[in-house]
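Produce the entire structure from the sequences given, and follow the hints as far as they go.
Protein chains: 2
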Amino acid sequence: VASAEIITIGTEMLLGQLVDTNTAVIARALAEIGVDVRRETSVGDNEASIAAAVVDAIGRAEVVVCAGGLGPTVDDMTRGAVAAALERPLVLDPESNRHLEAMFARLKRPMAENNRVQAYFPQGAEPLPNPHGSAPGFVVERDGRAVLALPGPPRELQPMLHDHAVPWIERRFTPNAVLVTRVLRTAGVGESDLDARIAELFRAQKNPSIAMLAHPGLVDVKVTAKAATRGAAHAMIAELEPAIRARLGDCVYGVDGETLESVAGALLRRRGMTLAIGESCTGGAVAAAIASVPGASAYFRGGVVAYANEAKCRLLDVAPDLIDRYGAVSEEVAGAMAVGAQASLRADVGISVTGIAGPDGGTPEKPVGLVYIGLALPDGSVSIRRLDWPGSRDAIQRRAVVAALASLWRALRYSDN
Amino acid sequence: VASAEIITIGTEMLLGQLVDTNTAVIARALAEIGVDVRRETSVGDNEASIAAAVVDAIGRAEVVVCAGGLGPTVDDMTRGAVAAALERPLVLDPESNRHLEAMFARLKRPMAENNRVQAYFPQGAEPLPNPHGSAPGFVVERDGRAVLALPGPPRELQPMLHDHAVPWIERRFTPNAVLVTRVLRTAGVGESDLDARIAELFRAQKNPSIAMLAHPGLVDVKVTAKAATRGAAHAMIAELEPAIRARLGDCVYGVDGETLESVAGALLRRRGMTLAIGESCTGGAVAAAIASVPGASAYFRGGVVAYANEAKCRLLDVAPDLIDRYGAVSEEVAGAMAVGAQASLRADVGISVTGIAGPDGGTPEKPVGLVYIGLALPDGSVSIRRLDWPGSRDAIQRRAVVAALASLWRALRYSDN
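Each protein sequence line maps, in turn, to chains A and B.
Position 310, counted from 1, in the first sequence is what the numbering used here calls 310; the numbers after and before it change by one each time, with no gaps.
Position 413, counted from 1, in the second sequence is what the numbering used here calls 413; the numbers after and before it change by one each time, with no gaps.
If you're looking for bench data, these hints aren't it; they were derived computationally from the structure.
Every residue, glycine too, gets a C-beta built ideally from N, C-alpha and C.
Careful, some of the hints might be misleading.
Label-pair ranges, simulated between beta-carbon atoms [what the hints assert, rightly or not]:
1) R60(B) / L90(A): 26 to 32 Å
2) A319(B) / F104(A): 42 to 48 Å
3) A48(B) / R116(A): 43 to 49 Å
The structure is reproduced here in structure tokens:
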């Protein structure tokens, strides 16, 4: 198994102004091809620090992947630092230089001279193309070991990593062990409950290993297998998965990259049903989650963000009297909003959220964190869920969105329509 | 200025299954007391790796802060690794042992024998209390340098860091420099343009230093000053800020924690104006951004997520004829949606977004990434912006939200109402 280290470059990380998400992305990609990441180091925008980290890392590992410091500014020092660490000069790559000039010409913007530094690489390096930015990456080898440099912005790093860096490493180091992860996504059951359900399996298992990762309202169960081939790893997981699912029960809504909104969307599509949303305290976030799924227009009619009470009445046909009598945050109004969304947007299913996200607006009877979720189904039935969590405005809004999507998923799942 | 390194411990980070957020939290806390974080290292749950990282770090820095590996399981190796790195035995701390036993008694749970390892520390260490979990931290000194070990779970780490670790470091290393950062937030100007505007200042300045951080559609300019006191650092920034602002021009929408939505919201509130939103391709995300601001109910009337064309006509009074003639993604429909949102929600300002987020639905004339933003103001004027970026569905939606909020901010800023 090839060994690797990751070096992330940026003073902002060492000042705590930026959370480093690149390491996790790179580490996952390397794990998937069976490369063993032994250490990760973050250093600031300082040529000597970067060079020292590269020298240390290449002394311990076969592959060193650097992220950051490839831009055109004086703060971008990775090119020079890698060259210094490997004792190579920086040389101009004519092809990259032409590519840079062409890119600026296409954007109809003058190319500042400082941009040209992005066409310089340590002697012997192979540039890695960057279709999403002006900074090419590169890979350079010495004594059977390799240093790769990728740009820091995630939307530039990720395509270069997956399209160029990982395939290069895979070709060059022909790893003989791969890691495959299967994620079972659950909703509505707490982490400690799930832990109790699978504790016995969890403790016994080393390969595949089982781990849990909790998000607000959701818990992912990750099963990871190590084997010589991808197929063998998949087979190990396939053998174990039924036993895990049997213990988890009916809270598994999806696997791997699936989300509550993608799973609910697929169920709507399969059943030929359409959806409308009427929401207040979540402010449009439930609709935005539904609309984030490619192809949502096949089933998503739209939504009303009924923040003011008048909007609830005018656009969702909630009777003003109902609001006066029970309050805007009530079982009755949640039901009327779900039915109103369903009717006014001519959808099969209507879902509503009304609640108090805070920080102000709570009372002893209706505290901050009280949320009602309404669900109107094609058969005319209306169901309401009452939820009550403390927390910040942001946390309450996020939990309410998850709860609304989970209610939708559960209703669709058991719908025989 | 005291120097520090951070070591985060956990195999999940090196497998890419967990993003390390502890480093940013620790780094920010250390920066605030003027401690200079030079490097961060992540290692797996392996005693030899952790010990090697501690030995390296303590050879370079005066303070080493470790996070993770303090739990009761066989995977938790930080206590032993720090003891090995400093060549000290692990000894039982009777006080911590009593505390652990009392905690389990209070929880009415039997204390498993493996929990007792949490009362062992490297000889000479001072335990750091953990009110949120069973794992105490500790600090241990050698030759005028210090290693601190904190638990990995953020809700345990953060109180211990702020209540115990940082005060200890501050007392022990009496730092004579604090770092203060001021962020000027800009919209509508690219990173390289901004860089060119402030390059001269940027290169000349070491303290305060100037750095840029680009987000989609937005660029933050960060000014960081180092001084003996917080007041002196603030004064250095205050002296430089006018010169930076003069060069940045009118693209600065806010400072520090302000966002486009919070700044636009404050302008609406100050002008006594209300807002309504009609959006299609952003699916509710513009409304959700507006509603994420505490107190938004004072000015936010609501929105319509007009995903289906019928919703545009029924809820936003867009003439069906207009959609037939120009298409749902057109200047004409964007204008009608803004006016329709303004009218149907009885708001002073209406803002609309219609576009093609993809991945499907594009044509040669109207490609994926084409977005129109409409703005209807109280004086009856309607303006439209046309935008066209390539990218993923998610990227297009996010850019459209930022562009809609930026249009709103610019309109309100220059409104004399």
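Hint check:
1. The beta-carbon spacing between R60(B) and L90(A), approximately 27 Å, falls within the hinted interval of 26 to 32 Å.
2. Between A319(B) and F104(A) the beta carbon distance is about 44 Å. The supplied range of 42 to 48 Å therefore holds.
3. At roughly 45 Å, the beta-carbon separation of A48(B) and R116(A) lies within the given 43 to 49 Å, and the hint holds.
Of the numbered hints given earlier, the model fails none.
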